[in-house]
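Chains A and B supply the protein sequences, listed in that same order. Sequence positions in the first sequence follow my numbering and run 281 to 546. Sequence positions in the second sequence follow my numbering and run 7 to 767.
Wrong hints could be hidden among the right ones.
As the list claims (entries may be wrong) - The calculated lysine-lysine pairs, modelled on DSSO-like cross-linking and capped at a C-alpha distance of 27 Å, are: (1) B:655 x B:710; (2) A:494 x B:574; (3) B:746 x A:309; (4) B:339 x B:271; (5) B:198 x B:574; (6) A:336 x B:655.
Said to hold, decoys possible - Partial pick of chain B residues on the chain A-facing surface, computed with a CB cut under 8 Å: (7) 430; (8) 685; (9) 731.
Simulated from the structure, these hints should not be mistaken for laboratory data. For each residue, glycine too, the CB sits at the ideal point set by N, CA and C.
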Amino acid sequence: MEHLKIKNLASVFLFVCAFVGCKKVIDVKLNNAGSQIVITGEINNKPGPYTVTIAKTVNFTSDNNFPPVSGAFVTISGNGVTDTLKETNAGTYATHKISGKMGETYKLFVSAEGKTYTSLSTMPERVRLDSLTFLLGRKDALYAVANFQDPAGVENYYQFIEYINGQKLANGRGNSVFSDRLSDGRYISRVIYDDSSDIRSGTTLTVQMNCIDKPVYEYLNELQQISGSGGGFSSQAPANPTSNISGGALGYFSANTVTSKTVSIP
Amino acid sequence: MAAFASFAQKKLTISGTVTDEKTGETLIGANIILLENRGTGVLSNSYGFYSITAPENTYTLVASFTGYKNDTVQVSLTKDQMVALALMPQTTELKEVLIFGKRSDNITRTLPGMQKVSMEEIKNVPVLFGEKDILKTIQLLPGIKSAGEGSSGFYVRGGSADQNLILLDEATVYNASHLLGFFSTFNSDAIKDVTIYKGDMPAQYGGRLSSLLDIKMNDGNNKDYKVSGGIGLISSRLNIEGPIVKDKGSFMISARRTYADLFLKLSKDSDVNKSILYFYDINAKANYQFGEKNKLYLSGYFGKDDLGYSNQFGIRWGNTTATLRWNHIFSSKLFSNTSFIYSNYDYNISINQTTNSLSVLSRIKDLTLKEDLQYFAGSKNKVNFGFNLTHHTFTPGEFKTSITSSYNPLKLQDKYAFDAALYLSDEWRVSNSLKFNGGLRLSAFGLVGPGDFYSYDNNGNITDTVHYSSGKIAKSYLNLQPRLAATFQVNTSSSLKASYSRNVQNLHLLSNTTGSNPTDVWIPSSNNVKPEISDQFSTGYYRSTVNNNYEFSAEVYYKILQNQIDYKNGAVLVANQTVESQLVYGKGRAYGLELFAKKKYGRFTGWLSYTLSRTERKIDGINNNSWYPANQDQTHNVAVVAIYSLGKKWTISGDFVYNTGNAVSWPSGKYEVNGNTVFYYTERNGYRMPSYNRMDLSATLQSKKTAKFEGSWTFSVYNVYGRENPYFIQFQDDPANPKKTQAVQYSLFRWVPSITYNFKF
Chain A
281 MEHLKIKNLA SVFLFVCAFV GCKKVIDVKL NNAGSQIVIT GEINNKPGPY
331 TVTIAKTVNF TSDNNFPPVS GAFVTISGNG VTDTLKETNA GTYATHKISG
381 KMGETYKLFV SAEGKTYTSL STMPERVRLD SLTFLLGRKD ALYAVANFQD
431 PAGVENYYQF IEYINGQKLA NGRGNSVFSD RLSDGRYISR VIYDDSSDIR
481 SGTTLTVQMN CIDKPVYEYL NELQQISGSG GGFSSQAPAN PTSNISGGAL
531 GYFSANTVTS KTVSIP
Chain B
7 MAAFASFAQK KLTISGTVTD EKTGETLIGA NIILLENRGT GVLSNSYGFY
57 SITAPENTYT LVASFTGYKN DTVQVSLTKD QMVALALMPQ TTELKEVLIF
107 GKRSDNITRT LPGMQKVSME EIKNVPVLFG EKDILKTIQL LPGIKSAGEG
157 SSGFYVRGGS ADQNLILLDE ATVYNASHLL GFFSTFNSDA IKDVTIYKGD
207 MPAQYGGRLS SLLDIKMNDG NNKDYKVSGG IGLISSRLNI EGPIVKDKGS
257 FMISARRTYA DLFLKLSKDS DVNKSILYFY DINAKANYQF GEKNKLYLSG
307 YFGKDDLGYS NQFGIRWGNT TATLRWNHIF SSKLFSNTSF IYSNYDYNIS
357 INQTTNSLSV LSRIKDLTLK EDLQYFAGSK NKVNFGFNLT HHTFTPGEFK
407 TSITSSYNPL KLQDKYAFDA ALYLSDEWRV SNSLKFNGGL RLSAFGLVGP
457 GDFYSYDNNG NITDTVHYSS GKIAKSYLNL QPRLAATFQV NTSSSLKASY
507 SRNVQNLHLL SNTTGSNPTD VWIPSSNNVK PEISDQFSTG YYRSTVNNNY
557 EFSAEVYYKI LQNQIDYKNG AVLVANQTVE SQLVYGKGRA YGLELFAKKK
607 YGRFTGWLSY TLSRTERKID GINNNSWYPA NQDQTHNVAV VAIYSLGKKW
657 TISGDFVYNT GNAVSWPSGK YEVNGNTVFY YTERNGYRMP SYNRMDLSAT
707 LQSKKTAKFE GSWTFSVYNV YGRENPYFIQ FQDDPANPKK TQAVQYSLFR
757 WVPSITYNFK F
């Protein structure tokens, strides 16, 4: 009799599990904010050209086609050089003479649709990516681990970008930032989560590590908090990340160093 | 004056303690009157003590309490005397008792916004996983909102979750939830009395803005040894009580453990079956009566949650409280209680990976001395006065790392504070129909050294650091908190009440998640963080039917909140020595109408609760510094509870809740950064979640009932019609069509059945 009850209890519990947690796509009525300008630009320690893209926001229900902003006047200046960028594709502007140098501060100037936007970013000293290893997670999942020596006594901010067979991972996976706030001077093994579904045998994995300045770190960190799995119920009310571009544009401008490692996955 | 006194009739006092005849438990809030002089009637205090003063005469003293037979004693009052009153529990299952000459409590109580839930009601209200739960049951009262699906967290009249003072036998409980909020820390087997004050708390209490939830543990049966318990799907409970010395002292020990992790062991997945997921808690209490005038109580709570994943990650957290109390009756008119209280909340996180090993410890610890005196000054005044003194020790974070870890060891500075208060209040019966309750509470809070104290500019950069040595006051705040209430009895069945209260809060919970998170950290007021202040105005109309079977109330309130705390974008609250630089401040306001109707006795009991309310915030830098709805702002909130007894064997019960969705921030556009879709936000909390509704049912079968043994089965279903209530909404690219974006709604519980077997012998 007692046995029977326990068995019943167990089956009831399994039944419970079957009905816990469900998701569905719903229709929500969202406001349509007026179209906003979005500027993203980068200059790094590799040879140019470097590009700046300018586009517009669209409504939530529209397709993910973001209208480019053509005919803007764009300059990047620093280290005694001012480079006026040329529009190579609609909304994409490229440098032709400036080259990025560590320790220098670069200024982005954009004049578009009657408004001007500026941003300053300082390229930090480079920290080299030492090696790339793997962490075995649950259910034999593999995660990439970036190993490097953090320089002591200075604030360092890092950005990681992952590529499989040269292709950036979709939906921002494998994209993360890290600050040495709690790790100053340590030899760091940084596990990059959320990439295991892409790491498969027979592919090549590239991890790119950028050294970025503090405002760019803060921008990317806030961006990460409002997107993907970081959003939703775990974080506080989402808001637009604090941009380092003045004048009311979305997006950011970064002067950063780049190092990377590539390994083949057996 | 002297001449007047000599002509006046000599006044004498009857005092004593009201107890349960069968168990010896003291009865809180029993009604004691003299039939020949009803205006002198009183309610027994939280230790069952009462005192009535009346002219020399012969009286019929009647004590009554819901669920008990009246006790009637003939008293010939010729000198001050002590009369112990013992009430027999009502045995008929239909508690249709006509309380002799008693007016409904809700009419005579002076404080509006105060509500009690009986343990009987808590036992019968169906809840998630069948685990009867105080915190989830009070969420069915007007003005009290749930912090989320299945959550034991709650908001009172637009306050935040950290603005509720939760006391268990006078000790502060800092984190009242188990397993991320799905269970409350209170094991209802061990609880005697639950009272919530929605902002208008007696001057004796302070320290939180929105409510006081006063929970009293059982004392333990001082006549007989008793064992009771329950076996459920998720947890089991056991309660043992009995006399230490018959009629003199008793003990009670009640323990509970969940075993969700036993089911994990069944899994073949080695990561899952090595995982840990459980909590346990123990309530224990002992008391002893020394002579007629002294009684000692020692009570304690110990609870722990343990969550671990595959030996890689673990988090343990829990509360510990201990209270030593000494009741002393100085005279028939002066009752004293002295308490020594210890309260501790801590969490410990450990991460074990080959290279990244890290453990984090955080703690808040309090030591309190409290003296409460009650002076029954004649038949017209009852004076409460006393003081309390608390020393807080905050350990915001201690990080230990291995030599190969990617993290440095770090110890955030410990902080020390004292919290002192003096109070005086008087319940003044001006006439049979008019009562005043006036109180003053003076609180002093001081943040003391040793430590470095920082000042910041608007960007959060340190502009100044001052070091204070041990015991030196770095910053102090003195606040006077008036509490005023008046009750006007229109007639025997209805009354009007009005009140004003100010509350001050010097401890603030930092939490930037919407769920209940064990790692949220408490910080004290400081040179940067000012005390939170609330001013609440409320008024209400109360009515009961002649035989006291139905009661009805309507209350309105308006509350102003100052120095409310919010966070900067991307605020870093964890492991941050300069965490105060991450905060922004603002104001709040909340107002609403609360309607409540209850049927108290008979085969059918239950209540209906409706709240219409608005809760707003105005925070520096958010929504252009204009007022906006707070996340917990729910316009309409409805709860229905019904309990029906089908006879001796079956009792069925159900509840239904409906509320407007919370205010949330949703995107109003999208753009692209580095090839990924990013959503564009225009304002904080500009949207509404879909509305929420749910019905739960429960049936209890009394399977065996003899003088020696009682057994019952409870079957319940949470969310009977399986509504997919929104828990959160995520915006993302459509996986089937990368050109499109979509909104995905996540729901937590649908049709959660449970079975519990309860026994008592």
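Going through the numbered hints above, which ones does this structure break? Give me the numbers in ascending order.
Hints 4, 5, 6, 7 and 9 contradicted; others consistent.
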